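J.: Chains as they are written, first to last, in the working numbering: chain U, 1 to 324; chain S, 1001 to 1274; chain P, 2001 to 2273.
If you're looking for bench data, these hints aren't it; they were derived computationally from the structure.
Values in this document were obtained by computation on a predicted structure and should not be read as measured data.
By construction, the Cβ of each residue, glycine as well, lies at the ideal position given by its N, Cα and C atoms.
Among the clues, some could well be false.
To be verified - Each pair of labels, with its calculated beta carbon distance range:
no., chain 1, residue 1, chain 2, residue 2, range
1, U, 146, S, 1252, 52 to 58 Å
2, U, 126, S, 1179, 19 to 25 Å
3, U, 126, S, 1115, 46 to 52 Å
4, S, 1164, P, 2103, 27 to 33 Å
5, U, 134, P, 2013, 52 to 58 Å
6, S, 1102, P, 2047, 35 to 41 Å
As the list claims (entries may be wrong) - Now the stretches of chain U that chain P is said to cover, found in silico as 3 or more residues with beta-carbon under 8 Å:
no., segment
7, 92–104
8, 215–223
9, 254–261
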Amino acid sequence: MTESVQQAVPLLRVRDLSVTFPARSGKTPVLAVNRVSFDIGRAQTLALVGESGSGKTTTGRAILQLQASSGGSVQLLGYELGQLSRDGLRTMRRHMQFVLQNPYSSLHPRMTVAQTLAEPLRVHRCVPVESVTARVAELMTLVGLDPAMVSRYPHEFSGGQRQRIVIARALAVSPDFVVCDEPVSALDVSTQAQIVALLKSLQTRLGLSYLFIAHDLALVRQVAHRIAVMFAGQIVEMGGSDQVYGNPSHPYTRALLDAVPVPNPVLQRQKLSESAADVQFHGLVPKAGPCAFGEDHAQSGTACWHEVGAGHGVSCRFWPAPAQ
Amino acid sequence: MTERQRLGGGNAMMSIGLLMLASLVAITLFGTLIAPYNPSETSADSLAGPTAAHWLGTDSIGRDLLSRLIVGGRTTLLITFVAVTLAVCCGLVLGLFCGYVGGLADQVVMRILDVVFAFPVFLLAIAVVAALGPSVPNLILTIAIVYTPRLARVVRGPVLSVKRWDHVEAARSVGVSEFNIATRHVLPLIVSPVLVETSLTLAQTIFTITALSFLGLGPPPPDPNWGAMLSEARQFMELAPLTVIGPAAAIVFATLTFIVLANGLRERLDVASR
Amino acid sequence: MMGAPVALLQVRGLTAQFNRGDAASQVVKGISFDIGAGESVGFVGESGCGKSVTARALMRLAPEGSSLAWGGTVLFKGQDLLQVNERVMQDIRGRRIAMVFQDPMSSLNPVLTVGAQIEDVVRRHTGASASRARKRAVELLDLVGIRDAARRADDYPHQFSGGMRQRVLIAIAVSCQPDLLIADEPTTALDVTVQAQILRLLMRLRRELGMALMLITHDFGVIAGMVDRVHVMLDGRIVETGSVDALFANPQQAYTQALLAAVPRLDVAGKLA
């Protein structure tokens, strides 16, 4: 595909994606992801941030079709993923890969690194059989590991190295799009920095797009072009990285940013000594009448989304009542 | 601490079990060659005690006891190994299928297996053999039918758990087919409990076959087998105790082999999984 | 107060060695530090540096399935904790030195109500009657900021959120007004908004109860606002010590400098293509 054709259609297009977990004994069905929409362009990183229960991981898995969705559409390279046949989906998997959180469990403990890296190559038949070994060595070098170590087992590597192997496996089939679900949360801070640097350099070299799912706002600032803040299954704010960090418009985003501990003793002490009001975001139901922006959505039928800047929007849901 | 250090930690039970197993396997494979006499060869020397000619003595019609034990063991063990292998294979396939696929198929198959499982092993064995007739192939079939549900259960449990592990989801996201995930990413990781259960099943099978033979439902004569030998020898217990002790000791030895092996395996695999 | 303050806790040459099966690995290789009464000290380092094991060694708590062998001296109010017998140690644990762990769900008994678990500790250490212990339990739940404490005391751990469970653990820890509270990664498993609340709670309790605090974490942001002094650990040893302001402004050791440089900053955007 030519450059100009690629720019016209976003690489990934998610519209009104919803995921409902069925009712379990005595409980109501849970709407884990509630009409989430966003686009990701080529060689761009969209960060999906939120706390536990926000639905960010479920969104990532639903996009990859590892989790059944209950509504909405996911288009990758123009193909509607939800409507593909089983074989069609498996072929599309070549273009979208997954880097999971836990480097200690996402590799098969009884397969050597060589076997793990060769598996995607074999499944998608992207290289002739004779070239598999060479490609595996190439992948190891790409992620900064010594190719001579391919015959070892995962438990012989450190956490950071294992995560590099996971990344190498994701890159084996030269995907366009990679979902990274908390890729560095389980690693030490110095290893985190190395892996993040690796992901960024791979993006530049290979033109990869990332959906970077994380809860660490400081970390996300280092990697994301755009950021979407999720709460209770919905996106409450979305915009360019500088926009959202510089001008957080939703109270929840502000609360999140406020809560991040900064490695600066004076600032951090000050932060902790201010007794913050315990703002409750959970259980806020949309009430009748005009929203925080003065619009009555029930009446006008418009979406609860307001632009606060070019490409920077915020939801008027989950807006606590102003203090009297 | 390397894997080797952890595993090599002196497991006496396992070593003993393996030695015992080796001797059983030798009997199974080379039985007819090792036996000093033809087990069916009669002689005038009936119910004799141990002599230089007959190390364990002879039975009621002068056949060499040692030879009969060895060849009889061969039959028993052959049936045991083949039948249990069959049960394990069926159990693996069914357990893997049910555990991995889940849903209605799982429920239906497991309920059918449950019906078989509900019958006491021995009762079921008698029923099947009585229906099909006592012959070596039928005995193998009986054992396989009776033990498949147990093994399927033992396989299904770990499969339910392993299929949720991260590396399985990672493989799926790469595009590996469900069949390959089940056989390559799940199956190799559930081998440990299956090995232990297989060993225990072998022990139980020896007992079941011997008991069936004792009741006359075992392999038909002239093939010697331990159960039948025991049954015959009851009447001669006082005259020639070895005719009873011989088969009894052999049965105990064989059963014990697999129990010791099972314990040794369990200990060793427990360590390895930590 | 006249004269030089005697340190509440004086640790000299502490070593700790894990014995698991037949393999031994020395995790703490000779560290020395003091904690004064009411002082707040932080231990920071990456995984495997031995900071958690140090805390366990002080309390003489060996992790599941392995044994811990230790050496050196740990003087707590004049008594060497590594020499006293287990009974004395049991009296000290919970009463004089209390510990809060990382994962609140696995530290609480799922089949007992929260109130019952607090009461158990109170009764064990103060011999209070059932009704007095119950009163105290409700008081403590209130102290740690759980609303509707009297009713919540009859709830089970699974009915609380992660942050609330951690508050319960803290309530248990401060129930007997210990001299020293050891918090091992108390906020790591919690959401960031809840983290801030728990840290504020710990600060408030420290002030109100005059406890010393030993805070163990890998997170520099958490350490920055909570402690007076910091010890940086690497590979079982303390590689740098200093007041928190000095250490952050001017780290002396290359390792500390590298660690601080690797921490992602919220206020500085990364360079993107």
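J.: All the hints need checking, so say for each whether the structure fits it.
T.: Cross-check of the supplied hints:
1. For residue 146 (chain U) and residue 1252 (chain S), the Cβ-Cβ distance of about 56 Å falls inside the hinted range of 52 to 58 Å, so the restraint holds.
2. Between residue 126 (chain U) and residue 1179 (chain S) the Cβ separation comes to about 21 Å, which falls inside the hinted range of 19 to 25 Å.
3. A C-beta distance of roughly 48 Å is found between residue 126 (chain U) and residue 1115 (chain S), which places it inside the suggested range of 46 to 52 Å.
4. The hinted window of 27 to 33 Å between residue 1164 (chain S) and residue 2103 (chain P) is violated, with their beta carbons roughly 20 Å apart.
5. Taken as a hint, the range 52 to 58 Å holds for the pair residue 134 (chain U) and residue 2013 (chain P), whose Cβ atoms sit roughly 54 Å apart.
6. The given range of 35 to 41 Å is respected by residue 1102 (chain S) and residue 2047 (chain P), whose C-beta atoms sit roughly 37 Å from each other.
7. As drawn, the segment 92–104 of chain U meets chain P at 0 residues by the rule of a beta-carbon pair under 8 Å; below three, the given contact is violated.
8. Coverage of the segment 215–223 of chain U by chain P holds in this model, with 8 residues showing a Cβ closer than 8 Å to a Cβ of that chain against a need of three.
9. Interface restraint, the segment 254–261 of chain U with chain P: holds (7 residues with C-beta to C-beta distance below 8 Å; minimum three).
Hints 4 and 7 from the earlier list are contradicted by this structure; the remaining hints agree with it.
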